[in-house]
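Number of protein chains: 2
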Amino acid sequence: MYHEEPKVQQNDLTVLRTSSLTGVIERELEHLILTGELKPGERLNEIQLSARFGTSRGPLREATRSLQAKGLVESIRNRGVFVRSVSPTEALEIYDVRAAIFGLAGRLLADLVTDQMLARLNAFLDQMDEIAASKNFDDYYPVNLAFHDYLVTSTGNATLVKEYKGFVNKLHLARARGLVQAGGLSVSNREHREMVDALASGNRERAQEAFFRHVERSKIRFRSTLNTGASA
Amino acid sequence: MYHEEPKVQQNDLTVLRTSSLTGVIERELEHLILTGELKPGERLNEIQLSARFGTSRGPLREATRSLQAKGLVESIRNRGVFVRSVSPTEALEIYDVRAAIFGLAGRLLADLVTDQMLARLNAFLDQMDEIAASKNFDDYYPVNLAFHDYLVTSTGNATLVKEYKGFVNKLHLARARGLVQAGGLSVSNREHREMVDALASGNRERAQEAFFRHVERSKIRFRSTLNTGASA
DNA sequence: TCGATTGCTATTGTAGGCAATAAACAATGG
DNA sequence: CCATTGTTTATTGCCTACAATAGCAATCGA
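As given, the protein sequences belong to chains X and L, one line each in that order. Going by UniProt numbering, the letters in the first sequence line up with residues 1 to 232, in that order. Going by UniProt numbering, the letters in the second sequence line up with residues 1 to 232, in that order.
It should be emphasised that the hints constitute simulated quantities derived from the structure, not laboratory data. Misleading hints may appear alongside valid ones.
What the hints assert, rightly or not - Taking lysine-lysine pairs in the BS3-like style, the calculated list, with each CA pair at most 27 Å apart, reads:
(1) K39/X <-> K219/X
(2) K162/X <-> K39/L
(3) K219/L <-> K165/X
(4) K170/L <-> K219/L
(5) K219/X <-> K162/L
(6) K39/X <-> K70/L
(7) K219/L <-> K39/L
(8) K165/L <-> K70/X
(9) K219/X <-> K70/X
(10) K219/L <-> K162/L
(11) K162/L <-> K39/X
(12) K162/X <-> K70/L
(13) K135/L <-> K219/L
(14) K162/X <-> K39/X
(15) K39/L <-> K165/L
(16) K70/X <-> K39/X
(17) K70/L <-> K39/L
(18) K219/X <-> K165/L
(19) K70/X <-> K70/L
(20) K162/X <-> K219/X
(21) K165/X <-> K170/L
(22) K39/L <-> K70/X
(23) K165/X <-> K39/X
(24) K165/X <-> K165/L
(25) K162/X <-> K170/L
(26) K70/X <-> K170/L
(27) K162/X <-> K165/L
(28) K165/X <-> K162/L
(29) K70/X <-> K162/L
(30) K165/X <-> K70/L
(31) K162/X <-> K219/L
(32) K70/L <-> K165/L
(33) K162/L <-> K70/L
(34) K162/X <-> K162/L
These numbers come from a predicted model, not from an experiment.
All chains, please: the whole structure from these sequences, using the hints.
Laid out in structure tokens, this is it:
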């Protein structure tokens, strides 16, 4: 008991010391947006939200400015701040840029890959195969996410990681957001194996192309579901 | 006289109507940072700057939050906001990501390229050859910039353009900033021709690789000037 | 009835003020 | 002489208050 108390308190203090109130609000808002509690197009009422967080409007406004720069909200003067709504066109653009960045991850990893890393990746593949076989698609999504996260993080390129995650977040604001996930669900694990095999070969260009194409195929799936006029 | 007065006033009003004071300050600060008037590591004094812009501290703080999200400044609680200083390591990371994005530009352009576009690009190449021959390096840099800008913009992918420019800006904050330019100066126009040729071939992968490698070579030049221990 | 105009209200934009913090310096003790 | 502790000051963090704006509804005139 005595050992935990100071630790917890120190954590709280550290949080308040490191990140300002603005930072806390920003993360909170980002969470609300990404979980869909604040939906695309919805206005962020300053008074209402600052009351909810128990602060004044100042820090909240600073937080929204930051989110605006990150592309999660847009601000219209004298009208307010709104959760961004990513159009299908922009979503397609983002898929391309994300493909390029993910491709870079493949290229970099081809030079960094170790046996240990390959073992970990194969474990991921097996796990996803298993889940896919059981048709338990709700379990597939998080593992798939962890797989991609592991790959991107393993490059050791912090700039790349940050960018990649930013785009993944933005895609959550795409209209017909469900389609983004739907596209991912039908991903055959074959593409993943191609990526891992390319890494194992140590061939930079091949790995880059495999990673790039994986995202491009997601894009194509996204687009085709769009055309069929499916709705949420 | 009478005809101009209202127009000027309307321009001012339009600017203030469209973008808030925060937006104006943000652009102004970004300019100060990128031109080097505010140097990496330097603190942005709120009182001083808000007095300079003739506003209160609120809008200024919002502007700096936005710049923070863009990676141009960093904020330390209770200490202030500082112009970011990009380490050599981070600069190398940025070069890689920029290469990936620029490579995507090449890939996209390979499918979009027209004779008219090729003519324009060849005009750029000739112009740069000319300048290089005259050894007037100060003229080379802006044309080189315009060349790259033209390429990126021609993709029609606004997300790509925004990202690319963001990274170019960030690289301006790299320590030994002169080296970034110095690296560019010695660029042989041959690389540029390779890029244009790749576009003319219409081969996606080839174009992507040519564009990618062009930036990678810049990175290598940057790194080598770093290792020789050259200083500003 | 319809359109324009004019007030009203909710909300954002900006300003300025007080409290809290950190860095620099002075004072004190060993 | 050095280390440590108290004090001062510049500066940031946050809040409250006021001004300005946009959207809306009611009113007025045709």
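TODO: For the pair we were handed, K162/X and K170/L, check the Cα-Cα distance against 27 Å.
DONE: OK: K162/X and K170/L at ~14 Å, within 27 Å.
Open item on the list: Holds or violated: K219/L and K39/L, Cα atoms, limit 27 Å.
Closed with: 23 Å, holds
Open item on the list: Tell me if the straight-line CA distance from K162/X to K219/X falls inside 27 Å.
Closed with: Holds - the C-alpha atoms of K219/X and K162/X are around 21 Å apart, at most 27 Å.
Task: Holds or violated: K219/X to K165/L, with C-alpha atoms at most 27 Å apart - done: 24 Å, holds
Open item on the list: Against the 27 Å threshold, does the CA-CA distance of K162/X and K165/L hold or violate the hint?
Closed with: 16 Å, holds
Open item on the list: With the threshold set at 27 Å, check whether the alpha-carbon distance from K70/X to K162/L stays at or below it.
Closed with: Judged against 27 Å, a Cα distance of about 12 Å means the pair holds.
Open item on the list: Tell me if the straight-line CA distance from K39/X to K70/L falls inside 27 Å.
Closed with: The hint holds at about 24 Å.
Task: Pairwise hint evaluation, K219/X against K39/X, where the allowed Cα distance is 27 Å at most - done: 23 Å, holds
Open item on the list: Would the hint linking K165/X and K170/L be met if the CA-CA limit is 27 Å?
Closed with: 19 Å, holds
Open item on the list: Does K39/X sit within 27 Å of K162/L, going by the straight-line distance between their CA atoms?
Closed with: 25 Å, holds
Open item on the list: Run the distance test for K162/X versus K162/L: straight-line Cα separation, threshold 27 Å.
Closed with: 16 Å, holds
TODO: For the pair supplied as a hint, K70/L and K39/L, confirm whether the alpha-carbon distance does not exceed 27 Å.
DONE: 17 Å, holds
In this structure, every one of the numbered hints holds.
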